[in-house]
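Engineer: Protein sequences appear in the order of chains A and B. Heads up, the first sequence is in the numbering used here, so the first residue is 1 and it goes up one at a time. Heads up, the second sequence is in the numbering used here, so the first residue is 1 and it goes up one at a time.
In case anyone wonders, no lab produced these hints; they're calculated from the structure. These numbers were taken from a predicted model, which means no experiment stands behind them. All residues carry an ideal CB built from backbone N, CA and C; glycine is no exception. Some hints here could point you the wrong way.
Said to hold, decoys possible - For the chain A half of the interface with chain B, some residues (derived, Cβ under 8 Å), not all of them:
(1) Ala30
(2) Ala33
(3) Ile98
(4) Ala190
(5) Arg223
(6) Thr225
Number of protein chains: 2
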Amino acid sequence: MADPTRIWTAALIVIGDEILSGRTQDRNIAQVASWLNVQGIRLKEVRVIADDADAIGEAVNLLRARNDYLFTTGGIGPTHDDITVDAIAAALGVGVEIHPEARAALERHYATRGGLTDARLRMARVPAGSSLIENRMSGAPGIRHGNIFIMAGVPHITAGMLESLTGTLEGGDPLISAQIGCWVPESEIADLLHDVERSHDGCQIGSYPFFREGRVGANFVVRSTARDGLDRCVDDLVARLEAAGWPVEPGGI
Amino acid sequence: MADPTRIWTAALIVIGDEILSGRTQDRNIAQVASWLNVQGIRLKEVRVIADDADAIGEAVNLLRARNDYLFTTGGIGPTHDDITVDAIAAALGVGVEIHPEARAALERHYATRGGLTDARLRMARVPAGSSLIENRMSGAPGIRHGNIFIMAGVPHITAGMLESLTGTLEGGDPLISAQIGCWVPESEIADLLHDVERSHDGCQIGSYPFFREGRVGANFVVRSTARDGLDRCVDDLVARLEAAGWPVEPGGI
């Protein structure tokens, strides 16, 4: 029988010199994280690493063992700096092979775009034993090998790959959250927050301060896997904040 | 004598459930990365981890040993979910103490804002043996302990802390870069890129494809620590692309 309290976890490896150099603002962490929440899978850790085979291999072998699922983004295009497939195959101790369905998909995609050159055929290379993740945006598919999901770095292509994986991975109850906001310096209500969290098992409260319109405030996010417990915690938090003289804005500020 | 070829490295740990849940889009990776480049320090690896003392301790001890510098963002506010200082002190095997200058800064900041409560005084707590990083934006300073730099999670406060560190850390030659753009499918010129990179020692070429205005194109970023070598590599790349029939847009598209 399935254990209803089991927490399913994932890690994400963002591969790319362009993120580490500051050239590109990463957008995949947030989109993978949000998508995983809906699947009932908890994102435990993210690593951003260079286009470096040893660094990729080390991170892949550690994080695939530690988590139910491992996702990677980046480095699966046709150019010389796209080394993700080779690095992961080496880490797994398997060869690299041309996947026939990937080849067929690329042939169709490039039929009217100049044909399938050697460079383009690189995008059909997978660690031996892989299956494919559909990519409706461009010819090159994502790759699944065991619990590893190898995805594109370009965010809208990653989004399409996530969409095609939606509902296919076993997870637990999704983490749900509710947010309220308050024009209060968070340091004024630190003890109150802590007390409320301790009174509601299974709920975590995050405090996110801001400075806006010349005033300080904070949003409070309550997270839980149980709707009832979440609602009770939020009601309690609102009641205690208002009793302390801090009117609450539902939904956050 | 200093070794002019020495590469100075840093790692960054982004601490916060709000990033891993997808609630907040991280902005610190890109700003720390860009700032480090100017200091002549290479960002080697980023980890995003939860507000969890064991996870923080493990990452801190590994990455401070592997790199010249380690930066952290997040978890240094006044609330119960702000555990960075305690987790790092535990990882270092030192106690936590109130830093007298941090206390004085907080007293000044809160003199007209309701006074220094116990919760606010939490923001003066540092791992024993630390010095402070100035924070002109709000009362709570950042913390330096050995090669570890503990900074705020709120991006504009982080920015202020980085500014006060500018020019104070030893680094090497800054990594410089130049970008050009081309309306070309990157798969068409994969071999060309690879050949150019191999012809120019000390230069890396990154290829960043996009799909815009109904057409595919790519930007190419050449990175090097030497201005001369960088310029020669860019000139060569432009010449070979144009010879192959792909007009180049200087600066990128």
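Engineer: List, from low to high, the hint numbers that the structure doesn't satisfy.
Structural biologist: 3 and 6
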